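*Asks:* Here are the chains, one letter per residue:
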Amino acid sequence: MPRRTMIEAIRDAMDVSMARDERVIVFGEDVGFFGGVFRCTQGLQAKYGKSRCFDAPISESGIVGSAIGMAAYGLKPCVEVQFADYVYPAYDQIVSEAARLRYRSNGDFTCPIVVRMPTGGGIFGGQTHSQSPEALFTHVSGLKVVVPSNPHDAKGLLIAAIEDPDPVIFLEPKRLYNGPFDGHHEQPVTPWSKHELGEVADGHYTIALGKAVIRRPGAAVTVLAYGTMVYVAQAAAEETGIDAEIIDLRTLLPLDLETIIASVNKTGRCVVVHEATLTSGFGAELSALVQEHCFYHLEAPVARVAGWDTPYPHAQEWDYFPGPARVGRALLETMEA
Amino acid sequence: MADAGMLRFHVPEPEVRPGGTPDFSNVAIPKAGSVPRPEIDVDPRDIRDMAFSIIRVLNRAGEAVGPWAGLLSDDELLEGLRHMMTLRTFDARMQMAQRQGKTSFYMQHLGEEAVSCAFRKALAPGDMNFPTYRQAGLLIADGYPMVTMMNQIYSNEADPLRGRQLPIMYSSKEHGFFSISGNLATQYIQAVGWAMASAISNDSKIAAAWIGDGSTAESDFHSALVFASTYKAPVVLNVVNNQWAISTFQGIARGGAGTFAARGLGFGIPALRVDGNDYLAVHAVAKWAAERARRNLGPTLIEYVTYRVGAHSSSDDPSAYRPKAESDAWPLGDPIVRLKNHLIQRSVWSDERHAQAEAEILETVIAAQREAERHGTLHAGGKPSTRDMFEGVYAEMPPHLRRQRQQAGV
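Residue numbers (our numbering), protein chains in the order written: chain A, 1 to 337; chain B, 1 to 410.
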């Protein structure tokens, strides 16, 4: 099976979708001729023409707003916001328009769009190229929110998102674009070509939205993670020797609650990990759900490991990033509780 | 260099406030028929002055004059008059229904009926409007059933939107009427996107964007103009300048630009101003812009100069911020009276027939209202179910909503 980076897998997902369905179009800042600042759309304009892959003005509300109009017409736009940190000008279009169009018009108009955006830190991007705003979207009725953690999933989830009849926020952990990253920033990058999840089948396949996967089976404690934190959690489990069951959520909304409940009821302990800031983060929702559904199986308080409640700093990136040492400490404390 | 002194902060004010004498002497009104009608493939740079004039067809004597006249037959004009009269009567009845507690909220069109009624007739089937809350004439003039509009206003059991949307936020794809958001200006860029999609698909349909004077200050208005200009989208960009954004006079959004139409100039978009109370002028200018869009010549910005005679909404009281008699002083008159006088001048209408038509229309509207009320009003009779509240958030209900619906006991 061919090995691909996450960038290549994402590009392949758009390529496959554009070849199968001429309603699929791709646009965004620097997306057309150049192929995107992370090269996710490289070659698509040459292959499908300027009507189906083109550069947009620097206007996120314009990109998402025009995509909503295109979707109302009957196209299936898959647009790129250059960094998740830049999505806020489009927030009104996403929250008040895309998310509610089906509901408010009782299905007269629908909004099958995908808004792709690189998310998360670990690249010395400072406060404007590092944020993880997923909780701002999981709070919104009518959206779906996806965070892939590897090339294989990224392709299958993105094709599923493009084919989905409703708007999907597709957050791509940019630190994973070229290889899995476990938080040990001082070590050389492992490329996806050396990782089994870098195996990406050719052609069309989908991974259903709303289905989590167990990355590491274990009996001692459940770790709920997504994106980059999946690998950080794996490193923490190896380094502490704790037999953690690591769940890669993949889709945050809708959430695969069944898989979570089954695991926590089995282990009796739960640690929630995300890179986004702690307060009102998606971990708060996960923690609440676990105590609602698994309270009588819990042997320790649900722990959360997250980014500190500060803006994402530049020089202090590795003090901010919830790396394997912090996750490991949470695992140990949860086991001792 | 001389000392410039202290900086002073500038806040524009309308000419007159409550208690003052209404004064529109600063609104320059060109004579009807005086503005030329350029070819549709005109270079936008050659008609920049049109962004500062006003295209008018009907003169004080009720005659249709000048190069923008002569597009509509007597029958079409009589139909247009009927549409405007219907909209006004519909508004009066629904405003009253709101006061009677049959619904929570209403927004009327008083004085602005010509804009949406005449515009609709310049479009072709399949074209799509992205309206604001004051363009119900688009539906009336397209034959959308009044009963269905009322069902929506009442949020009753026959409401096509199942009680989810604020009154008057209609949606009808079939009638080329995009779902009204209620948030301002968001639909402007969506209209441009829809038009881009039509061009991407090599279709022949065009879009029409709608916005009010106040909302042009939103960034989505500017995004829309950039995208429309860049991609030469087949879209008509409408700005309805009715002088008032709730209590805020249009100068607050307009700033130093002479007119709202002038906003188009920096984008290289042809920009026209039209007498919004002149059915013939609105239709002729809309037709010109629609033709440009359909022939791949790109967007046109149209500013409709009109006046919001009524309150902003059923929750608003204009006497708190503008003189009571201001609407009487408005120099462009009443759109219904002006078209009526024109048709009388053409000897195809009379005061008697007008009075008779008013009575007939009132009867039709009341009959529709009775039928709608058989399906319930907001607080009485049939209403959408609690189950409807949970449906339609997604194409397929996800597990967490199913759980919540069960918790709600439905």
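Wrong hints could be hidden among the right ones.
Some, not all, of what chain A presents toward chain B, calculated at C-beta under 8 Å [to be verified]: (1) S61; (2) G107; (3) T190.
Calculated directly from the structure, the hints in this document are not laboratory data.
Since the model is a prediction, treat every value here as computed from it, not as a measurement.
Beta carbons: idealized from backbone N, C-alpha and C, even for Gly.
*Asks:* If a hint holds in the structure, say so; if it doesn't, say that too.
*Replies:* Going down the list of hints, with the structure as the test:
1. Residue-level restraint check for S61(A) holds (minimum Cβ-Cβ distance to chain B is 5 Å; threshold 8 Å).
2. Using the Cβ-Cβ criterion of 8 Å, the hint placing G107(A) at the interface with chain B is satisfied: the shortest such distance is roughly 6 Å.
3. Interface restraint check: T190(A) against chain B, minimum CB-CB distance 35 Å, threshold 8 Å, status violated.
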